[in-house]
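Asker: Below are the chains, spelled out letter by letter.
There are 4 protein chains.
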Amino acid sequence: MIADTPPMGWNSWDCYGAAVTEEQVLQNAEYMAKYLKQYGWEYIVVDIQWSAPDADSHEYHAFSELRMDGFGRLIPAENRFPSAAGGRGFRPLADKIHEMGLKFGIHIMRGMPRMAAHQHLPIKDSDATCDQAANPHSICLWNPDMYGLKCDTPQARAYYDSIFRLYAEWGVDFVKCDDIAREYPHCEKEIEVISAACRKCGRDMVLSLSPGPAPLDRAEHLKTWANMWRITDDFWDKWELLKGMFERAEKWCIHAGPGHWPDADMLPVGALRQCYDPDNRTQFTQAEQRTMMTLWCMMRSPLMIGGEMTKNDDFTLKLLTNGEVLAIEKESWSAHPLFTTEKESAWIAPRRDGTGYYLALFNLSDEERTVTVSAKQQGLADSSEATELWTGRKTAETESYSATLAAHDAAVFRCFS
Amino acid sequence: MIADTPPMGWNSWDCYGAAVTEEQVLQNAEYMAKYLKQYGWEYIVVDIQWSAPDADSHEYHAFSELRMDGFGRLIPAENRFPSAAGGRGFRPLADKIHEMGLKFGIHIMRGMPRMAAHQHLPIKDSDATCDQAANPHSICLWNPDMYGLKCDTPQARAYYDSIFRLYAEWGVDFVKCDDIAREYPHCEKEIEVISAACRKCGRDMVLSLSPGPAPLDRAEHLKTWANMWRITDDFWDKWELLKGMFERAEKWCIHAGPGHWPDADMLPVGALRQCYDPDNRTQFTQAEQRTMMTLWCMMRSPLMIGGEMTKNDDFTLKLLTNGEVLAIEKESWSAHPLFTTEKESAWIAPRRDGTGYYLALFNLSDEERTVTVSAKQQGLADSSEATELWTGRKTAETESYSATLAAHDAAVFRCFS
Amino acid sequence: MIADTPPMGWNSWDCYGAAVTEEQVLQNAEYMAKYLKQYGWEYIVVDIQWSAPDADSHEYHAFSELRMDGFGRLIPAENRFPSAAGGRGFRPLADKIHEMGLKFGIHIMRGMPRMAAHQHLPIKDSDATCDQAANPHSICLWNPDMYGLKCDTPQARAYYDSIFRLYAEWGVDFVKCDDIAREYPHCEKEIEVISAACRKCGRDMVLSLSPGPAPLDRAEHLKTWANMWRITDDFWDKWELLKGMFERAEKWCIHAGPGHWPDADMLPVGALRQCYDPDNRTQFTQAEQRTMMTLWCMMRSPLMIGGEMTKNDDFTLKLLTNGEVLAIEKESWSAHPLFTTEKESAWIAPRRDGTGYYLALFNLSDEERTVTVSAKQQGLADSSEATELWTGRKTAETESYSATLAAHDAAVFRCFS
Amino acid sequence: MIADTPPMGWNSWDCYGAAVTEEQVLQNAEYMAKYLKQYGWEYIVVDIQWSAPDADSHEYHAFSELRMDGFGRLIPAENRFPSAAGGRGFRPLADKIHEMGLKFGIHIMRGMPRMAAHQHLPIKDSDATCDQAANPHSICLWNPDMYGLKCDTPQARAYYDSIFRLYAEWGVDFVKCDDIAREYPHCEKEIEVISAACRKCGRDMVLSLSPGPAPLDRAEHLKTWANMWRITDDFWDKWELLKGMFERAEKWCIHAGPGHWPDADMLPVGALRQCYDPDNRTQFTQAEQRTMMTLWCMMRSPLMIGGEMTKNDDFTLKLLTNGEVLAIEKESWSAHPLFTTEKESAWIAPRRDGTGYYLALFNLSDEERTVTVSAKQQGLADSSEATELWTGRKTAETESYSATLAAHDAAVFRCFS
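Residue numbers (this note's numbering), protein chains in the order written: chain A, 1 to 417; chain B, 1 to 417; chain C, 1 to 417; chain D, 1 to 417.
In short, the hints are calculated from the structure, not lab data.
Be aware that a few hints might be false.
The list treats identical chains as one, so a pair stands whether inside a single copy or across any two.
Within a straight-line C-alpha distance of at most 27 angstroms, the following computed DSS-like cross-link-like pairs (lysine-lysine) qualify [unchecked claim]: (1) Lys343 with Lys189; (2) Lys200 with Lys96; (3) Lys343 with Lys150; (4) Lys330 with Lys251; (5) Lys376 with Lys318; (6) Lys238 with Lys124.
Please read these numbers as outputs of a predicted model, since none were measured by experiment.
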């Protein structure tokens with residue numbers, strides 16, 4: 001089953017924007033294989049604009065001369081991905097990553113390159129031409145490259161089939177499709193056609209939809225057609241965004257389950273924005289990073305590391321390799337908040353195996369604060385002992401759970417029944 | 001702790017509207033004591049308009065001469081509640097109900113009788129007069145009797161304190177306060193003042209807020225100040241309303257917990273609308289009634305019987321006395337839907353004690369339908385055996401759960417770990 | 001024909017709020033008869049709350065004991081209107097004002113006194129009682145006294161008929177009905193019933209509707225049922241409100257005509273707010289007052305003086321007695337703005353008799369400014385000479401009109417063809 | 001002064017859609033010169049898609065290969081406009097039309113051809129390239145050809161300057177710019193840049209903005225930057241659309257004046273939709289056509305004939321050559337409706353020269369109806385006699401004006417003072 005637990009991996013956007021290179025991808029893959037793989041991390045995802053020779057930052061260049069094959073399918077820019085030379089596409093890079101025991105993912109925009117339509121290129125394995133599939137009125141509001149497709153036509157299906165077959169040939173395991181998750185209702189059909197192309201392409205691929213916020217009232221559609229979808233706009237290392245995620249997490253938590261995961265976006269940890277400044281690091285405090293990891297795990301969000309991993313410091317590496325915390329993603333179910341106020345929040349997540357539950361306490365205030373939950377008042381199951389998973393501190397006190405937390409910090413207890 | 005599990009009882013509205021009499025209340029109390037008490041049912045609630053001598057149906061009479069004492073506090077109309085004669089109020093009736101081992105509840109409208117303000121009556125145990133507490137612009141949109149109070153004044157607090165002290169003297173255990181739950185934001189302060197008066201009146205009382213829909217984004221305020229609150233407008237015996245409750249239940253389920261329960265409203269079962277026609281019965285099919293009971297229990301809604309209980313038929317009595325189903329209200333936590341489509345829905349609720357979980361299957365379509373859930377695909381905990389609680393059928397098949405259900409019917413499994 | 005030109009008069013609100021007395025009314029009537037009558041001023045209007053003995057400012061007292069007769073009809077409070085003693089109502093006051101050659105008006109709230117309904121009083125010349133006509137849910141948002149009526153009932157018509165017959169007996173010539181002009185759609189029927197009662201009461205009365213803004217898209221309904229109606233919320237002596245009136249005037253100007261006049265509200269000139277401070281004067285500059293008078297005349301708004309007239313200074317009296325400017329109200333038609341920008345505006349109003357037109361220039365900026373209009377560019381009719389009506393300055397230059405105006409000042413030309 | 005009275009002419013859209021040919025344009029010009037010129041008709045306008053070789057109906061073809069010069073400026077498709085061969089553009093056609101004593105107009109879309117940007121073409125008389133001026137996110141919702149420009153850049157100004165210089169060289173007198181009038185606020189700057197390019201191009205051109213509805217609250221911006229602008233979406237020969245125009249006309253009438261005219265769109269009279277069916281004629285009844293002409297003239301809308309004129313029948317020709325009715329466009333000012341109800345409407349328009357006024361009566365109902373206006377009740381100027389302009393009937397009765405009108409018919413009186 002695809003994505004039976006929330007996918008975990010690395011994505012190039014937070015550190016390299018649109019400009020990542022093959023070399024950078026490989027160095028992160030090697031790091032992951034060495035330090036993170038044993039904790040469940042496995043996907044290496046090349047984000048947006050890999051076909052643009054002139055990409056150099058988080059910005060997009062209008063009217064860039066994107067690389068594409070004779071069928072209007074984007075291919076990697078060879079100046080950035082040398083192994084793609086000779087029409088081999090991402091296959092050589094994917095092979096290397098697979099050899100490390102990892103999985104390989106790419107970003108796509110919905111639609112086709114505008115030039116493919118203007119040049120009336122043929123669609124692979126089809127009698128149709130690209131201009132017949134393209135919708136000249138369906139454009140992305142923030143990226144200038146593509147036309148969306150007329151998804152009620154066989155030509156559109158033919159085009160999407162043709163690109164997913166190419167990705168299958170390349171060995172792609174994960175596709176992050178962009179300009180689509182918040183574009184209901186007009187992209188609803190496009191989601192279905194892309195998802196159908198993905199499922200029949202001959203290779204298992206996780207289908208991830210961006211950007212958010214996806215609409216809550218379309219949750220069942222998303223659960224049906226995608227493996228993960230963004231629940232907010234882009235998430236970065238600002239406390240206001242992290243605090244705001246509690247409200248989204250509350251609304252979406254009931255929709256997490258095998259094969260379909262609400263996605264709180266990448267983890268902006270460690271070395272970020274490398275295309276602007278190689279010394280740039282996350283603005284999150286350590287406390288805030290614990291809060292982020294705790295919330296993402298409790299709500300069972302996918303986990304995608306955003307930083308250049310080879311520059312991880314000790315704290316970052318430990319943050320990402322706390323096996324007890326990461327286990328929440330795989331062992332819990334039915335999580336929900338007990339309460340969320342301006343100053344604090346508490347979440348509960350029973351273990352599926354019946355051996356107790358997880359209880360997370362969050363200090364959302366800007367000062368140190370003791371957060372307490374009474375087991376009886378909250379109707380928690382009886383527990384005999386508990387361990388706080390960030391500190392390892394054990395406690396026999398199980399009538400109430402309490403933690404004195406720095407501003408924006410979190411604690412999470414494994415409570416044994 | 002007040003309302004540590006969802007309150008269960010009977011309310012006079014669905015069968016008698018605004019016109020219930022003491023005799024009718026007592027006959028229902030006696031029935032409950034005899035047939036239902038052992039299953040957890042305990043509250044007997046007199047609904048709206050008990051101070052109106054001329055109430056005769058579900059309608060309200062404008063400019064009715066409501067009975068009140070010299071302090072502007074409504075008292076029972078003696079022609080309908082004879083034991084209230086001599087200024088004894090509801091005390092004699094409450095005493096009788098307590099003697100049966102049950103609890104007694106009343107309905108109130110927020111505010112005070114309009115005439116109390118126009119007549120400038122004194123407020124009990126206060127130097128103020130009623131006109132000083134009343135807000136002449138704060139009126140109910142559907143009932144003509146009351147003025148809301150100016151809740152930022154000490155006079156308003158004095159008035160609310162005075163009525164809750166009276167209810168404590170009467171022996172009231174449950175107060176359903178009306179015209180308030182959906183009146184955010186302008187009634188937010190009034191909720192707080194009423195709740196404070198309730199908590200300091202000297203007697204434990206459940207505080208229930210009506211009508212719905214209460215606003216989801218004020219969930220934490222409701223959890224803080226009330227024990228239960230309506231999540232929809234009035235619920236009656238129509239399939240469309242029952243089907244619509246699935247959406248509300250999905251949004252509110254994470255907010256259920258000890259002391260604070262989202263309320264899906266009364267159960268319109270058995271003999272309804274008796275003030276119009278003594279032969280009137282619920283329009284729900286038996287299947288629909290099972291679906292209603294199953295959903296209410298899974299989401300842990302309070303349960304308030306709406307029918308004249310002495311006219312219960314066998315089916316109705318069995319519906320209300322299935323101890324295994326009712327146990328879900330007390331033994332589960334963290335319930336949530338697995339999915340809800342136009343045609344079917346499934347809900348899951350782990351048991352707090354770790355001994356498995358409940359799984360409910362609903363056929364929302366208008367035809368017979370087999371609803372199936374794969375344990376693995378949905379990430380359910382491993383289970384060794386299961387019992388369907390409406391039929392008692394046991395099954396050793398636990399890789400998937402399946403039920404062939406009539407239109408609008410439900411099944412609910414107790415799955416043992 | 002009633003109100004064949006825009007009504008002109010005085011209203012007690014701006015100077016006395018809810019608290020005006022008979023003596024104050026008479027002193028203003030005497031002033032008008034002596035100084036203003038010959039310029040067309042004729043109505044003396046007693047504004048809100050004349051039945052409240054305790055009115056003392058611009059505020060309303062909740063649960064005040066309003067004076068009413070045995071049929072639930074409000075009558076003047078004798079402590080404020082001594083001539084009303086003995087059940088004579090406003091008749092003696094109206095008689096005195098008529099003797100001066102003026103006309104008499106009163107303010108009413110839509111609906112009936114709340115106590116009339118609660119006391120179940122009979123309706124005059126009807127078998128019905130007040131509670132049958134009153135709508136307990138129809139209340140004013142800002143005044144606590146009244147219930148609106150159930151206007152689809154004969155009882156409501158009977159009540160409104162009964163009060164207008166009383167006003168006819170009193171000799172009322174003008175009724176300003178409040179809480180109604182901006183209350184579309186729910187007060188649409190109430191406007192019709194009030195208007196019908198007014199028209200059949202046996203005496204000609206101007207019917208004026210307040211407060212604004214009345215909805216522009218209901219212009220034809222207003223033109224059909226009322227003689228004037230407010231186009232903004234309360235207008236006071238603040239430049240922002242005056243500047244804002246240009247937009248309203250632009251939208252409403254096409255709807256001015258005999259019998260139906262969009263009303264820009266009272267003129268806050270001279271001595272205002274006397275109930276708080278006898279030395280209080282308008283905050284408008286002389287320039288702003290010229291702009292106000294010019295705009296009101298060009299758009300043909302009714303003119304109701306707001307100040308205590310006996311305290312008029314020379315400027316104020318001259319402002320109100322410029323016969324050439326006031327003539328615009330009677331001699332022009334089809335006025336409209338040529339343009340309105342942040343800094344200036346120009347309006348044109350042809351004379352009905354074909355002898356040229358009026359051209360108003362406004363400096364809306366906060367600095368001195370020369371405003372110019374080219375006759376040719378704006379398509380103005382040929383003109384041989386022109387007179388500026390505030391200064392009396394004549395000009396033979398008629399290819400363009402120009403005025404150097406202080407901040408917020410106006411000029412208005414009579415252009416002769 | 002450009003457009004000192006409302007422009008009058010012919011436009012190819014209603015009869016030929018996107019597909020008109022040079023031959024068809026010329027035959028209509030010849031007709032106009034012969035039959036209509038003496039009544040004030042003068043503009044011959046080639047509507048949308050004249051650079052598309054494959055245009056064949058009212059539809060647009062996505063990814064069509066539009067003809068353009070080496071500077072990204074669209075030029076006529078030679079297969080449809082043979083005289084444009086050899087790079088002569090519209091110059092030869094304009095010359096012929098000018099020789100007939102008429103004026104020549106063209107349609108443009110805001111922006112530049114998409115291919116001009118994708119091909120990075122140079123901008124004429126500039127160092128910039130087209131891709132620098134184009135905004136890849138600014139597209140038309142209904143036409144697939146163009147990108148809007150980044151109007152805060154000098155490159156965008158350079159491009160617009162370059163196309164208007166070309167139009168000046170061609171001898172263009174009228175430019176209808178499309179995809180812009182209702183696109184406030186995001187096209188506000190683009191309107192200004194286009195208007196500036198038009199005014200400095202060296203030749204007088206009327207600037208007309210489409211499609212509607214332009215926003216009423218931007219009237220002053222439109223009056224400042226354009227000569228005419230559409231006040232509704234496309235107008236066709238359906239009574240509902242004609243009836244709906246009364247509301248728009250009412251709102252916009254005060255904004256008509258020399259150089260700036262609210263535009264009620266083309267007149268769908270005579271032979272329409274010729275690209276589909278050479279026998280197609282207007283669906284309007286003769287009565288409706290009189291109503292349309294009367295309303296357009298009273299509100300002083302520009303008049304653009306939509307039908308293939310060589311197929312005019314007698315009625316159509318007479319409709320378009322009633323000099324007394326057409327004179328309203330030039331001789332009146334300050335028009336406005338007296339009233340507009342579901343069943344009838346009346347409009348008034350004074351003559352600028354003071355010699356009376358025009359009064360139009362409309363029957364908006366679906367049955368014959370006598371519409372009457374009392375001169376006194378409506379405050380009309382005194383009149384000694386009057387002539388109804390469609391019938392020529394004179395009347396000495398001037399106390400009231402009355403006409404018995406067929407369903408949807410109109411009368412218009414010239415009332416002499």
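Asker: Now look at each hint and say whether the structure bears it out.
Answerer: Okay, the hints, checked on the actual structure:
| no. | hint | in the structure |
| --- | --- | --- |
| 1 | Lys343 with Lys189 | between (42 angstroms within a copy, 21 angstroms between copies) |
| 2 | Lys200 with Lys96 | within (25 angstroms within a copy, 62 angstroms between copies) |
| 3 | Lys343 with Lys150 | neither (48 angstroms within a copy, 29 angstroms between copies) |
| 4 | Lys330 with Lys251 | both (21 angstroms within a copy, 24 angstroms between copies) |
| 5 | Lys376 with Lys318 | neither (34 angstroms within a copy, 32 angstroms between copies) |
| 6 | Lys238 with Lys124 | neither (45 angstroms within a copy, 47 angstroms between copies) |
In terms of the numbered hints stated before, the structure departs from hints 3, 5, 6, listed from lowest to highest.
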